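From first to last, the protein sequence lines are chains A and B. 1 is the number of the first residue of the first sequence in full-length UniProt numbering; add one for each residue after it. 1 is the number of the first residue of the second sequence in full-length UniProt numbering; add one for each residue after it.
Quick caveat, the hints were computed from the structure, so don't treat them as lab data. A quick note: this is a predicted structure, and the numbers were derived from the prediction, not measured. A portion of the hints provided could be inaccurate.
[Unchecked claim] Derived Cβ-Cβ restraints for the label pairs, each shown as a range:
id: 1; chain 1: B; residue 1: D24; chain 2: A; residue 2: R117; range: 14 to 24 Å
id: 2; chain 1: B; residue 1: E63; chain 2: A; residue 2: E133; range: 47 to 57 Å
id: 3; chain 1: A; residue 1: S107; chain 2: B; residue 2: D24; range: 30 to 40 Å
id: 4; chain 1: A; residue 1: D267; chain 2: B; residue 2: E79; range: 25 to 35 Å
id: 5; chain 1: B; residue 1: S44; chain 2: A; residue 2: K272; range: 43 to 53 Å
No residue lacks a Cβ here, since even glycine has one placed at the ideal position from N, Cα and C.
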Amino acid sequence: MSNAWGVRGRTKIRPPKKIVSNEEDFEKLWVVIRNAIKEIQHKNASKLSFEELYRKAYNLVLRKQGKMLYDQVELTIQEFLLQDTRKELLESLETDDERVFLLKLNSVWEDHLLSMRMISDVLMYLDRVYAKEFHLPLIYDVGLTVFRDSVIKYNNNEIGMRVINIIIDYINKSRHGEIIDKFIIKAIIYMFSSLAETISMDSSDGVPYGENYYLRYFEPVLLRQSHEYFERQANDLLIQQSGTIYIENAMQLSQDEEARIQLYLPDVTSPKLIELMDNDLITRNMESIMKLENDGLKSWVNDNNFKMLASLYKLITRVDTELEMLKRQLRAIVLLNCEELNTKTKEELELLQKQAEDQEPDKKTKKRNSKENATQFAVRWIQNFLDLKEKYDLISKNAFDGNPGLVREIESSFAGFLNLDNKTAEYLSLYIDDGIKKSFKDKSQEEVEELLDKSIIVFRFIKDKDVFEKYYKNHLARRLLQQKTSSNDVEMNMITKLKQEIGSSFTSKFEGMFKDIKISQDLSSDFNVSIAGDEEIKRINGRKLELDTSILTTSFWPMPINKTLVEVQYPSELELLKLRFESFYNTKYSGRNLTWAPNFGTVDIRMHYPKKSYEVNMSTYAAIILLSCFNESSEKQEYTFEEIYNITRIPKPDLIRHLQSISVASRTRLLKKTPMSKDVNPEDVFSVNDQFKSPQTKIKVLTVSSGSKVEDDTQRSETMDAINKSRILETEAAVVRIMKARRQSSHQELVNEVIRQLINRFKPQPSFIKQRIEELIEKEYLARSEDARDVYHYLA
Amino acid sequence: MSEEVSPYVTLISNDGFQFLISKDAALVSGTLKGMLNTSFQESSTNTIKLHELDGVLLEKVIEYLYYNLKYKESVDVPEFDIPTEMALELLVAADFLDV
């Protein structure tokens, strides 16, 4: 001992105890371990010494007998499982009920795991040194593999398949509402998942992955069975031809199944099973369910059945977050609803008319002319469209969770429908027209505001804004000239809204029209003051004359200058006023050209009939006729149509219309026509109607076609021609503008830029732009580049 | 088979020396941990007889177990003194005990 604790330098390292390698010894040592394994498997481990077993295995491994030990251990475990465990389970299968059998299986499995843990603990050294060196599975895993092969898969998967069938049967029972033992199902599935089929080591993190018994044998059967189950369920539900029943059941089924998956099945199966279920219940059938006429998407939309729509939305979201099939069906229904707008509006109008007739059967409501009806139709049509839009807004909000994709789809369906033809633009303008005219009569300020805001909603859908502009300009012009507009504030409000929507270039003409009228009002009052003391006027008439003029800037207003009107002969009173005004205007604004448009004006005349005097408001044309031919100072009492024409030179079609309105229309028969027919013929003779009488003192002569009306087909095609012409101009202007700035551009770039600049007004077709470009090349604004055919140069 | 769980465990060397050490220290060794955590004789008697180690060696091993336990979490660790003559024996013991 003194040596051992001696001074450094002279120290001798004590050698470790020598291990004698002795072949004969293996049996001696192994028998102990073997018996111990058996004891462990029979749950008698507590009398065994861990240290002894560990030491023996340690010695065997050190003696290079690890392989023998490893193999023998596997055989010993296998022997027990094959002879004892497997037989016990087969017996149980014969005699016990399924649940008892499963419990037994689980308990032998748990016993096995416990045994294996103890065995692998005492053989720790074998794992650590031998198995590691030869890259063999640990003893514990060997034990699991032996269990798989000697119990579960032994004899052609004998026990395994029985177990699988029992469990699947349980799951099916649970689907039909039976309560089953979730613990045992979970336990067995857990066991199956623990039995590896292939293990490969992921090189990066050492986590084993690969197939296990559950994935290879159990899951496929489960999925197949589930597919059959859900397909059957879906078919049973389909037969009932009720979307409500189908969706409610599908919701319930999928909810239940998800709960079941949570309870019994591993996470790895969950997405597969849910996908399969969704496919059977939703993907394959939902489109035909939506199409069901009486209890499908259409009826839910019509009934505002938010609950069903929300369920539908939820279900489809499960299978497709893009919701393609819902979009498809929804679009079809939106379009259908839109198409129904026509018939719906018509029916409403007919009903209204019928009610009116029922209330006042004698009145002439039924004789309302068709044009007025058409206007009512337009107004109501827009109103109905807005209602429809609101309905879908509510559906999107309440049932579809405001899903942006669906909202876009609905909007684009609306837009598609509204832009099928240009009627919408006209209808919308009429709707606004109607709203503004009536705005003070029977609407509060809030209601007017709402109406205008709503019209902007429709306006947004309209692609060809220039068409709307055209109609709006017409209607605005009529309102301004005929003083039909209730309030300038309302007009300006609408213009401001339009301006906010697409910019001031769009509304500049509207504002210009508005300004014209304002200036004209001031101008008129100035003028009337200036002629107050005019001797010449007094001499001619002896009574007071007043003039209200509207000075319209030609480019702002929709009415073209009509050169034929220059020929119209004014009676002396009006002629004098006209001359006075012209000189008055020229002193104010020199160098401006005034063209009179009597076809838009009205005149108030006091007429003295034998019985009574009346104040009659009539069109300027009618006034010209009366003042020129039927005044006190007139030469004759009677004039023929031709004579009237020669005196007044009013264009014949207009003349006929205005003569009709003062000689045929029953309430304003100021003149007598012989013969008394409806039509005006060249030979007809007119004279003052001495018998004229009317309950009111103030009378208004209605001229055929006044106010804002729906256009008929010829008018519409004229409007479209006009729009087309302005489109040509605008497109050419855009091309020139762009080329002037860029000097040179490729064809494609130019086309794109033109479209970009014009999109706020209309969408030009590339072929249309191409024509314009060619036109401009011909006019030598542009030239093709000599190097490249598709590049243009700007010619200054 | 005492019911109460003792925080100590007795280690006995092959030449009969007994050491009463804390369980925590014993658990540093993978082998001892296996012996104490499974239901073998050792865990019920709380006594482990180590036939491979003599008293001197076992004492040094136990010193190391405590040393390891104490400095397990530390960074700055003082050197553990190993007498040269025991070096090989300790190496074998470490392998056996999985420390």
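Quick rundown of the hints versus the structure:
no.: 1; hint: B:D24 with A:R117: 14 to 24 Å; in the structure: holds, 22 Å
no.: 2; hint: B:E63 with A:E133: 47 to 57 Å; in the structure: violated, 31 Å
no.: 3; hint: A:S107 with B:D24: 30 to 40 Å; in the structure: holds, 34 Å
no.: 4; hint: A:D267 with B:E79: 25 to 35 Å; in the structure: violated, 49 Å
no.: 5; hint: B:S44 with A:K272: 43 to 53 Å; in the structure: holds, 48 Å
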